[in-house]
Structures are given as structure tokens and as C-alpha cells.
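Colleague: One-letter residues, chain by chain:
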Amino acid sequence: MSRILKKSNKLHKGNKIQEILMITPMTIGFLMFSVYPIIWVLRWSFFKYNGYSEPVFIGLDNFVRAFTRDSAYWGSLKNTFLIAGLKMLIEIPLSLLLAVLLNNRIKGSSFFRVVFFLPSVFSIAVVGLIFSILFSAYNGIINAALRELGFISRNISWFSDKGHAMFVIILVSLWTTFGLNMIYFLMGLQNTSKSLYECSSIDGANEIQQFFHITVPMVAPILQLVLMMSVLGTMKMTDLILVLTNGAPGGSTEVVMTYIFKYFFSYGESSSKEVQFGYASAMAVITAIILGIVTLIYLKVSKKMQSIDE
Amino acid sequence: MKKVTKLILRMILYGFLAVVTLFAVFPVVYILLSSFKSNQEILVGGVRIIPLEWHLENYVQAWNLANFGKLTFNSIFYTVVVVAGCVLTSILAGYVFARGTTRFSQVVNVMLLCSMFVSIGTLSLYPQLSLAKLFGLNGTLWGPIIIRVFGMNATQVFVATGFIRQISKEIDEAAQIDGCSFFGIFCRIIFPLCKPLVATTGLMAFRTAWSDYLLPYVFTISAKEKWPLVVGVVSLKSSGEAVSSWNLMLAGISISILPMFIIYLFLNKYFISGLTEGSVKG
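Residue numbers (my numbering), protein chains in the order written: chain B, 1479 to 1788; chain H, 1174 to 1455.
So that you can see chain H by itself, here it is in the shape it has in the complex (with noise of 0.2 Å):
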């Protein structure tokens, strides 16, 4: 008898689970497979979720005519470059603060601290684009590179900071006393122990820069040859142009989640370490 209730919770806790792997994934895997569909298809809707016929060529087609290409490009370029930038103004910042003894670190802390309660979101969007375009920066991917590289990502930071709080100051010490100075020793020491770390930013800037939407919109409204991809995909609903083309604003949604859904597969560690570690931190 009691075999059986034991039998009976184990299949209400598993089909719980499934019930929730179902809503977690399905969206997800739906579009995947919706991307391969003719438009008529799409157009008719339905329950079926697997292609009634293949058509490859949405993809052929979104590359080529909706320009997908170029937008792909223009998201890999945003993303190399925030990524190494910000991995690298991470590392720095976080070193800074957690070795720093000037008063001038502490306090940049300390409002760096404040800002992740005092802020106006989305909403500093329009300042930072008028100031922007003091310096020409307007109309390229590159106001928003130099936002995200050098406006220090509270989460990014305190993640780095606390990694390097872990690492023993005896060892500076013992390169200080041999003469190694406070930057020598960044470079020296500190940088090449921190692979681990150069893993979890990495992927927290991958993340935010792959994502990145209103941040480019606005820099590049106008510039459509600069869009990355999101924002290319997003303008094709609002466009009109989508009810024409749903299998190609399907197969852009596809070329946009995919690296980041490979990505995810083989990383998952560093990505849920990296997310839930800076919060949990700051």
C-alpha cells in the first residue's frame, strides 16, 4: 500500500515538472520549428506544431531580403566589442575596489552602490543620447558601446569585486615587497588569476549586449543600416511589413535566439553562476 501512494506522489511530482518544463521551453521551441513553415501556413495558424513542409529558404530569404545579414553582423561587431570591453573594465574597476586604499576609489564604491537605488531606468535613455551627439556619437553603435563599456554595470562590478576579495592578499604583499607596483601587480598577478571571472562577465555582457534593445533603438532610429539585430526583428512587427512576411520575422526571431540558445546549452553553469552571484553580492 504504501509502495503504491509513494508511486502515485512520485507521478503528480514529475508531471508537475513537466507541466513546467512544457511552459518554460514550448515558447521557445515553437517559434524554432514555426520558423521553417511556408507563410501561408503561419497565416492559417492551427495546432500543428511541426512544419508541414520544410522551407529552408525563410532563411535564405530573411539573410538576403529583409537584410538579416547585415543586421547579424552589426550584432556580432556590438557584441565582441562590449563583451571585451566590459570584461575588461569589470576586472578593473572590481580590482580597484577590492585592493584600492585611496579615499577616491571608496567613494566612486560607494555612489556606484547608491546608483542601483537611485535611478531613472530606461528613462536617463534621452540625457545620454543628447549627450551623445555633443561628441557626433549619435547614429552609431558606438555611443551605446561606450555606454556599456565604460558606464560601469553595477552587477558586473560587485561580481568582479568579490572575486577578488577571494583572492589572498599575501600574494600581493609578496610582490610589493619585490617591487612590483599597484598596476604591475593588476597585470602581473591578479588579471592572470582571474580566468574564472573573465568566463562570468564575459557572459553577463554577452548577454546584455546579444539582448541589448532600447539602448541601440534610440541611438540608431534613424540609421537603419547600423540596427542590430533585435532591433532589426522588433521593427519588422511594427512595421506592417509582417503581415507579409511572417515566416521571415519568424526565421530573424530564430537567428537572434539561437546563439544564445547554443550558447546556454554548453555554458549553463557560468551563466546561472554569473547572474545569481551579482545580485546576491550587490
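Chain B with its partners taken away, still in its complex shape (with noise of 0.2 Å):
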């Protein structure tokens, strides 16, 4: 008996070992490429660096800069979360009334759903592209289209003013996830037991009072997580930018990523920055703070409506 309990004890302990050596190189490799790099900003925060140059330890003097003399900076969050909110406006109604016009079953509901999740796959950044030669301001189809209708007498240059390259930038990023969106809510909407709608029928509820009184209800939960990811998504957003109209005009349209990533390359033929790596770091934690802000706050908030409904 004894053997046999040694044995497994054995058995056991090299049981454990197994587990951490299959686990060991992936830990390895999300230290070095998840957790350093974290650590590699919030050091060279504090320098002055170009890469070439000495590095000087300068203190808070980058934060410094960033809170008081970067105005730029503080104009690409805008515009950042400018975005999230106006794409937000128009893709969370636009998702949800897709989910429920799908969700009743009606004929060639699955094929929508396909065409609708199709610019998903898609690569981001071949995205960008694609719209860039859409809303060319020469030979772009659109402003042919707008000719053609009559809405214009003359071509518009889209990404030569502010106001429409940001409508471009919300128009493309919509284009990108408003499927997905409209998947989530599907789950959602399938979840909810059909004997509810039934029984409000019965009692004499239309159709628009079921949708605010259950539907709505029923994917709160799947609308928080939609607009969790919505609002992260779009601060995260990188490529789409810089492929679309990297900051043009004069810089205008920067979201904060890209602010932030040309001072650690230089992007773009048009680019006169010189890469500040220290200054970049400042911001990048600056940046992740804020990130690390809007989740918490988020987070308590759904916290708290969660316990209102209860």
C-alpha cells in the first residue's frame, strides 16, 4: 500500500514538473514580448532618448511636457475618443436592429448574416486601402457616384479637410465591425427563451413594447461587453489610420496611437518627426493609464446597473 501511495506521490511531483515545463516557453515569450515591453516604457519615461544620442535622465520632464506643452497629444485623445463615441451613436442601434430583423427567422437570414460578417475577415490595414481608392478625390468612385446622383456639382477632396476625413474614418471602421456587433447581439437575442415573447402576446403587448421591455433588457449584459470592446477597439486603433490618412490633413485626424507611434517610427513619406523614444514612453504610459481609467470606470459602472436591475 505504501509502495503504491510513494509511487503516485512520484507520479505526482513529476506530474507537476510536466505542467510547468509545457507551460514554460510561452510564459517565457509573453514575459519578453507582453510584460518587457510594459517595463521598457515606464523606464525610458524618465530619459531623454533618441536612440542615438546619450541617454539623460530627465525625471518627470516628459510628462511635463506632454500635460503642458503637447497640445497635439491631447488633440489625437480627442479625436480618439471623438470616434468611439460618434462610431458608437451609429453602429450600436444599426448592430442591434440587425440582430432582431435576423433573429425572427425570416427568409435568407443566414445569408445576411454571412454578408454581413464578411468585412471582418479582412485585413485592417488592406482595408484602409481599399477605401482610400474608393473615396480617391480624382477617380474615386464615390465622388462619381455623388456626381452622377447630383448631391455634388463638384469633387470633393475627403481627406483634405478635417470634418470629412473623420466622417471617412468613422464610415470605414463601422464598415469593419458592425457584423461582428450584430453576431454578439444574435447570441444574445438566442439565449432568450421564446415563451417570454409568447406570454407577453397573450397579456397584449406589441411589438415594440416587447422589444424595450425584453429584448433590451435580455442583452444588457451582451451590450456592455459590445461597447467594452467597441470603446477599447477604437482607442487601440492603429493601422486603419495610418493607412487611410495618416494624420492628414496636417496631422488633424491623428487618433492617439498614431500620435504616439510616430515618435518611435518614422511612418510615411510625409514624416518629419524625429523619433523621441522617451518622449513616446511618457505617453505611452500616459495613454495606458487612461486606458487602464475608461475600463475601470466602465467596469464599475456596468457594475452598478447590473445591481439596479436586480
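Quick caveat, the hints were computed from the structure, so don't treat them as lab data. These numbers come from a predicted model, not from an experiment. Among these hints, one or two may not hold up.
Simulated pairs of lysine to aspartate or glutamate, EDC-like, Cα-Cα distance not exceeding 20 Å [said to hold, decoys possible]: (1) 1306/H / 1532/B; (2) 1494/B / 1346/H; (3) 1491/B / 1230/H; (4) 1176/H / 1685/B; (5) 1179/H / 1752/B; (6) 1491/B / 1345/H; (7) 1494/B / 1351/H; (8) 1672/B / 1685/B; (9) 1175/H / 1685/B.
Two chains, two frames, a set of hints: combine them into the complex.
Modeller: Here you go:
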């Protein structure tokens, strides 16, 4: 008996070692590629450093610069929130409406589902390129179609003023995710039992009342998830802006990630900005903290909302 | 009367769905069709969607002159290695997180979860690159490959963990009594049961790798012959060559989106489940 116990104990120990060995390569990778970069930016945020000259410790100067002298950084942050907010105003109702329509098992429902999800599978960078062709000022099809229909008499130069450029950015980012969010809502709706609707219709509720009193509360948890991902996703948006506008005109459509990115790498032909790793790191730290705060507030608020519901 | 209102409602419904369908597919269809137009026709513009004449040689030229053959090869190489690697590492990590008992794996799991909230997104690219330089991995696709394969994609790992948790534990216990070790159970029992999981994580990794832009871009900026397709296609826009070769750029875009398009047509179920499951569970 004791021999068997001893053996199983040995095996047990061996199992633990195996388990640790199995996860070690990925842990090293995680530490190197996810944790180390955060430590790296934390460290260099206190230095004046551009990769060539000797790094100089300057304390909090980088942070002071970001908070007091760099209005462009805050402008890019404002753009980010503006894009996230406006996009959500259109996207959430649209995705929810599509989900409700397709949930009713209408003819061709699965076809529409597949079609609406299609934009989500392509490379964001290539999507940016596709739309910059569609909205091209001289030979783009959008201008041609608007002219043909008589809405405009002269071609619109979509990327040379901020308003039009922001419109295109929001449209494109809406294009890439509305189908995905529709699928989330559909999943939420499919968990809603049919009997609720049957009961309420016996009690004389009409379809609009059903929507607001059954459908909306039932998809509320999914709605919270979608909002969260939508905001965080937009906050981290980089590729699309780099390819679509690259900040044009004159850096006015820069979002926070692309603005900082250009202090790390010179991107695009018009880039005259010199790289400044120290300052870029400080801005990365500030942005990470803002992102964290947004997430925390969000989690707090949604928790409160849940407790009210109960 | 009621029949008529029902019919009108139905028409409004399908009209709305048709508009959204047009919104979703038009950009892709337009680019695919325009890639057959002559450069002249593209430059003039206009509302014509179907090409006046079909110029298949756009593809031949892009393939040979603009070096898209090489770029496509790079993309295929990158994607195949990343998909194979990611499937293995994410299922392995998922197994350890779902069945492991050590403190160590629990801590790693929690850290991975936290990384979804504390992250600096694309700003970690520079530190990653500077780290890769120490190992001489800059200027090749091996840097991005190692980052994608061993960097633990939280979404993929969470899908894998969720899937393996659903496999009955009794099977493991039976095997354990028969003397199978922790690793042995993975090889002989869990992994063979993970075929649907291989499809889901594989497609997720495929989408990531085939679409990857900034990561391979910063690693191979100066090594043009190592570029994957997306990097090469986007570079055409900023290089100014574009004006004289819109047709090549359009053919290049088509080459880069067609594989995704075709695979999506056949495997859309797995795509949709993979992308949604991950974030809901995470």
C-alpha cells in the first residue's frame, strides 16, 4: 500500500514538473513580448533618449511636456474619443436592429448573417487602402456616384479637411465591425426564451413594447460587452489611420496610438518628426493609464447598472 | 388590407437588408472587378463597375514586375508557420490552464487575463523590436513569427481553455489511474479530442497572420525581399508609384484579399464561432 502511495506521489511530482515545463515556453514569450515592453516604456519615460545619443535622465520632464506643452497629443486623444463615441452612436442601434430582424427566422437570414460578417475578416490595413481608393478625390467611385446622382457638382476632396476625413474614418471603422457586433447581439437574443414573448403577447403587449421590455433587458449583458470592446478597440486603432489618412490633413485626424507611434518609428513619406523614444514612452504610459481608467470606470458603472437591475 | 400592410412591411424590411448588404459587399466587389480594368480606365474614374475590357495581364504584371509572386510566397510562409505554431501553443496553454494544478500556471493565467486590460497596444512594437535585435531577429519574418507563436494570444488561449474545460474530467482520471502522466494525457487523450478546436484556433491564427501589417512592417522595413503581401500592397500607396500603376495596386489588393474571401465562403461557420466565442469567454 505504502509503495503504491509513494509511487503515485512520485508521479504527482513528475506531473507538476511536466505541467510547468509545458507552459514555460509560452510564459517566457509572454514575459518578453507583453510584460517587458511595459517595463521598457516605464523606464525610458524618465529619460531623454532617441536611440543614438547618450540617454539622459530627466525625471518627470517628459510628463510635464505632455501635460503642458503638447496640445497635439491631447488633440489626438480627443479625436480618439470622438471617433469611438460617434461610431458607437450609429453602430450599436444598427447592429442591434439587424440582429433583431435576422433573429425572426426570415427567409435568407443565414445568408445575410454571412454577408454582414464578411467585412470583419479582412486585414484592417488593406481595408484602409480599399476605402482610400473608393474615396479618392479625382477618380474615386464615391465622388463619381455622388456627381451622377446630382448631390454634388464638384468632386469632394475627402482627405483634405478634417470633417470629411473623420467621416470617412468613422464609416470605415463602422464597416469593419458592425457585422461582428450583430453576431454578438444575435447570440444574446438566441439565449432569450421564446416563451417570454408568447406570454407577453397573450397579455397584450405589442412588438414595440416587447422590444423595449424583453429584448433590450435580455441583451443588456451583451450590450455591455460590445460597448466595452468597441471603445477599447477604437482606442487601440492604429493600422487603419496610418493607411487611410496618416493623420492628414496636417495631423488633424491623428489618433492617440498613431500620434505616439510616430515618435517611435518614422512612418510615411511626409514624416518629418524625429524619433524620441523617451517622450514616446511617457505618452505611452499616460495613454495606458487613461485606458485603464476608462476600463475601470466602465466596469464600475456596469456593475452598478446590474445591481439596479436586480 | 392587412395583407397589403404586411407586404409593404416585408418590402421595407428586405429593402433595408439589401441596402446593408450593398454597404457590406460593395467595396470588396468593386475592388475585385476594378482589378481587371486598364490603368487608363481606373485613372479616368466614373461610375462604371464592370470593366470595359478585361485585362487579365494586370495580374501577370503585378506577379512579375511588382514582385507580388515573392510577396505572396512570403505571406504563405509566414501564415503557415504562425498557424501551425499558434494552434500548438494555444491548445497546450489551454490544456495547462484548464487542467493544471500548480500555483505557477494559475499565476500565468491571471497575468494573461490582466494583460487584456493593461496593454499599450501597438506601442509595444518598438521594445519588441529592440529585444529582437539582441537575438539578431530583425530584418526577417522570424521575429514576428516568434512573437505570434510564443507571445500567447489571449483570445486564442481563452477559446482553447474554454473548450478543454468542457471535456469530461473522468476521461483524464481514468487515464491517470492507468498510469498516464500529465503530458501523456495531453498527447493521447486531450489533443485527439480537439479537432474542432484546431479548426477554430487555426482560422483565428490564419486571419491574424494573413492580415498582419504593422508587426511584420516594423521588422522588415528595410528588407524589401522579406515583406509579406499586405506590407507590399500598402507600400505601393505611399511610394508614389501608385499613380502610374493603379492597376497593379488593385491586382495586388485582390491577390491579398481573395484567399481570405474564398476560405470565408466555405468556412464562415468556424470564423464566426471563433471570433465570437473568444471574446465572450475572455
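Colleague: Tell me, in ascending order, the numbers of any earlier hints that this structure violates.
Modeller: Violated: hints 3, 5.
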